[in-house]
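**Student:** Below are the chains, spelled out letter by letter.
There are 2 protein chains.
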Amino acid sequence: MSTFVLKGNFCFSKNQTELTTKENAYLVCEEGVCKGVYEELPEKYKSLPCHDYGEKLIIPGLIDLHVHAPQYTFRGLGMDLELIDWLNTHTFKEEAKYANLDYAERAYEIFVDDLMKSATTRACIFGTIHNEATLKLMEMLEDRGVKGYVGKVNMDRNSPEELCEESDSLSAQKTIEWIEEARNRFHKIKPILTPRFIPTCSDELMKKLESIQEKYHLPVQSHLSENIGEIEWVQELCPTTKFYGEAYNKFGMFGNKYPAIMAHCVHSTEAELELIAKQNVFVAHCPQSNTNLSSGVAPIRKYFNKGIKMGLGSDVAGGFDLSIFRAMADALQVSKLRWRLLDTNFTPLKLEEAFYLATKGGGQFFGKVGSFEEGYEFDAVVLDDSSFRTMRKLSVKERIERLIYLANDTCVVDKYIAGENVK
Amino acid sequence: MSTFVLKGNFCFSKNQTELTTKENAYLVCEEGVCKGVYEELPEKYKSLPCHDYGEKLIIPGLIDLHVHAPQYTFRGLGMDLELIDWLNTHTFKEEAKYANLDYAERAYEIFVDDLMKSATTRACIFGTIHNEATLKLMEMLEDRGVKGYVGKVNMDRNSPEELCEESDSLSAQKTIEWIEEARNRFHKIKPILTPRFIPTCSDELMKKLESIQEKYHLPVQSHLSENIGEIEWVQELCPTTKFYGEAYNKFGMFGNKYPAIMAHCVHSTEAELELIAKQNVFVAHCPQSNTNLSSGVAPIRKYFNKGIKMGLGSDVAGGFDLSIFRAMADALQVSKLRWRLLDTNFTPLKLEEAFYLATKGGGQFFGKVGSFEEGYEFDAVVLDDSSFRTMRKLSVKERIERLIYLANDTCVVDKYIAGENVK
Numbered sequence: 213m214s215t216f217v218l219k220g221n222f223c224f225s226k227n228q229t230e231l232t233t234k235e236n237a238y239l240v241c242e243e244g245v246c247k248g249v250y251e252e253l254p255e256k257y258k259s260l261p262c263h264d265y266g267e268k269l270i271i272p273g274l275i276d277l278h279v280h281a282p283q284y285t286f287r288g289l290g291m292d293l294e295l296i297d298w299l300n301t302h303t304f305k306e307e308a309k310y311a312n313l314d315y316a317e318r319a320y321e322i323f324v325d326d327l328m329k330s331a332t333t334r335a336c337i338f339g340t341i342h343n344e345a346t347l348k349l350m351e352m353l354e355d356r357g358v359k360g361y362v363g364k365v366n367m368d369r370n371s372p373e374e375l376c377e378e379s380d381s382l383s384a385q386k387t388i389e390w391i392e393e394a395r396n397r398f399h400k401i402k403p404i405l406t407p408r409f410i411p412t413c414s415d416e417l418m419k420k421l422e423s424i425q426e427k428y429h430l431p432v433q434s435h436l437s438e439n440i441g442e443i444e445w446v447q448e449l450c451p452t453t454k455f456y457g458e459a460y461n462k463f464g465m466f467g468n469k470y471p472a473i474m475a476h477c478v479h480s481t482e483a484e485l486e487l488i489a490k491q492n493v494f495v496a497h498c499p500q501s502n503t504n505l506s507s508g509v510a511p512i513r514k515y516f517n518k519g520i521k522m523g524l525g526s527d528v529a530g531g532f533d534l535s536i537f538r539a540m541a542d543a544l545q546v547s548k549l550r551w552r553l554l555d556t557n558f559t560p561l562k563l564e565e566a567f568y569l570a571t572k573g574g575g576q577f578f579g580k581v582g583s584f585e586e587g588y589e590f591d592a593v594v595l596d597d598s599s600f601r602t603m604r605k606l607s608v609k610e611r612i613e614r615l616i617y618l619a620n621d622t623c624v625v626d627k628y629i630a631g632e633n634v635k
Numbered sequence: 213m214s215t216f217v218l219k220g221n222f223c224f225s226k227n228q229t230e231l232t233t234k235e236n237a238y239l240v241c242e243e244g245v246c247k248g249v250y251e252e253l254p255e256k257y258k259s260l261p262c263h264d265y266g267e268k269l270i271i272p273g274l275i276d277l278h279v280h281a282p283q284y285t286f287r288g289l290g291m292d293l294e295l296i297d298w299l300n301t302h303t304f305k306e307e308a309k310y311a312n313l314d315y316a317e318r319a320y321e322i323f324v325d326d327l328m329k330s331a332t333t334r335a336c337i338f339g340t341i342h343n344e345a346t347l348k349l350m351e352m353l354e355d356r357g358v359k360g361y362v363g364k365v366n367m368d369r370n371s372p373e374e375l376c377e378e379s380d381s382l383s384a385q386k387t388i389e390w391i392e393e394a395r396n397r398f399h400k401i402k403p404i405l406t407p408r409f410i411p412t413c414s415d416e417l418m419k420k421l422e423s424i425q426e427k428y429h430l431p432v433q434s435h436l437s438e439n440i441g442e443i444e445w446v447q448e449l450c451p452t453t454k455f456y457g458e459a460y461n462k463f464g465m466f467g468n469k470y471p472a473i474m475a476h477c478v479h480s481t482e483a484e485l486e487l488i489a490k491q492n493v494f495v496a497h498c499p500q501s502n503t504n505l506s507s508g509v510a511p512i513r514k515y516f517n518k519g520i521k522m523g524l525g526s527d528v529a530g531g532f533d534l535s536i537f538r539a540m541a542d543a544l545q546v547s548k549l550r551w552r553l554l555d556t557n558f559t560p561l562k563l564e565e566a567f568y569l570a571t572k573g574g575g576q577f578f579g580k581v582g583s584f585e586e587g588y589e590f591d592a593v594v595l596d597d598s599s600f601r602t603m604r605k606l607s608v609k610e611r612i613e614r615l616i617y618l619a620n621d622t623c624v625v626d627k628y629i630a631g632e633n634v635k
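So the sequences go chain by chain: W and A. First residue of the first sequence: 213, per this note's numbering; consecutive thereafter. First residue of the second sequence: 213, per this note's numbering; consecutive thereafter.
Calculated from the structure, these hints are not laboratory results. Please note that a few of the clues may not be correct.
Copies of the same chain look alike in the list, so a pair counts if it works inside one copy or between any two.
[Unchecked claim] Derived BS3-like pairs (lysine-lysine); straight-line CA-CA distance at most 27 angstroms:
hint, residue 1, residue 2
1, K605, K309
2, K490, K386
3, K419, K268
4, K490, K400
5, K268, K329
6, K256, K402
7, K609, K305
8, K427, K605
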């Protein structure tokens, strides 16, 4: 049953600079697609079932453009380390355990349960190098009604023995098997090519992934210009590239033909940004992770100015929190500190921009997703903010601002993905 | 009944650099005072009632050195503004409403209820200029068993008409009346002198507050070197002072004789810091507020190096969150960004240091408070972290790290203040 009406208080973005809000209005869903928000319900929709959410807020489902599912169960640990030390001390050891399907299943259940409780409706998710575990994660997400992408990770160098694929050929072969099976079994959850990052992927492997991409027409997700130590390492590994992104670009995995999500872009050079802006690259801005791992603050105002496509990422477990509300607050906060401490040329983000990034900005990666405009897929989250008591009569916009800073999972009352109630 | 034993997993600070942790241990409370943590319960305590909290964590109650109670109900609003604009647009208008005792009572009930749900056991709290409302707040806190300080605010210049005391004499007179009544009625909640900040307090008023301090032997709380615009304003108002802190110091309100809490100290000069270190001044570090209002990041590593006494403040509603766990996480995070973006001379805080600031560091202002060492007042919080599911067997220290990043009010199972269970 994916044709119905919701009544409540709506907030969504048509563009980056303003929020559209409607009080006591109606949102029509027809076959999983938005047919618009109306202050008066048109006659032709009056026979549809209408769920009245009263005073509650209804916003587009939030989008997580970058999250590592196998890292979820150790979130909030090792936060006094920087990226490479943190990977070696915590992350790689944990991910190696996903060779064991039983372990993977128990751990992914925790991730998927908590994702369902959150306001996130779509995500681009890293798995591990393991096909079975990654397919299990995809199955769990598919069963719960989530839409999005999951990647089996590729790593054939500079990785600990227990988390290193034996050869580029084997890594590529496993990738093909995984794609074939995923395409047969899943419809809401799709495969995405996932070379972990340049340091762990040989040129030979990247070449093979390029052919796989050509054959299967898949998007790609990876990491870019996150941490100073990492960038220096990439420069050593790829002495002929002028910037980090070239190492993806030369293998066609930088939005050349198929969309790419590049997480972080904290320290991207001007040349790198030109290419990002020109090709089909989405920046996944992960402010919390970039803070936790002392990477820095990406200049999002500059990226907006250049017209770069962007969304937010929780980057669990570099980030400790799955919440994309928290990612909005973090994005606002770090933009202020960057402005105050580093560079007054780029003004802090506004709340409208943070909301846009978390919804329509990231949603673009999935097509018409992340807004309540007509023709958008019907992803919606119903929010109860009554536990945050106030003495004021707040506007919808003010209630949204409070939720950006205060929301937790208990605020999420109902959740729809492509018209299906998944709560 | 304030003599008993708690069993559980303990974590507390003896100093800034290390956490003391004890698993399945016993903490003895005798007449509201800690008698130590024991791995085996000594014979002489075996007859005492023992509350076994099983796997739960028990830590000293958290300390909030700087919070504005009347701002609580609009937290999370207006966060796109800087300090002076935010004060004029939101804060002063709200505080003016506390002239109405009925309004104040309803609003303070929200603040006190939420404070009780939090892990905070002691606080230094700003009220408003209004005696009746401030006494009502003190009464509510006293009734709920909280210990700490509350200040009736003084403002006699540069304030909107509805929030400006008519004259320095009237402000002083009201202050005396308030102190007298508070001292008669309350024992756990004590009055603290609270000139709002130099811009709103004339020299004449400050002189009178100095006499009041001499007469009643009261500590003082105020704001210092928070925001660049504010500091420039103070320099205009006090052209003869070399630094902001001098404007308090010349009236004896800078830890000269009685302890002072100075909130923020984001932009303190070397001369100001020397005086802070020399006299009895506590810095209330408010990282979230300093981020939200684009003030900057206080160099806490430098302050540690100078031996300055410090604790954490939520600074609601410059901060949107009452949680001192969140303040710990924020302190860690902003110290990393300051190091990365501004000054690599001052290394980021470590989790041990954040925990120290939130407990024993701030607790020092109240005497022997903020630790489980023998002789400390018995403030304890019992925490359930089982909702943060993990695949690992975590040490007590790892569980504390996770709570710093993930804790919310639902984790707080029980709370003791000076031996009294207040939950």
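**Student:** Which hint numbers doesn't this structure obey?
**Tutor:** 2, 3, 4, 6, 8
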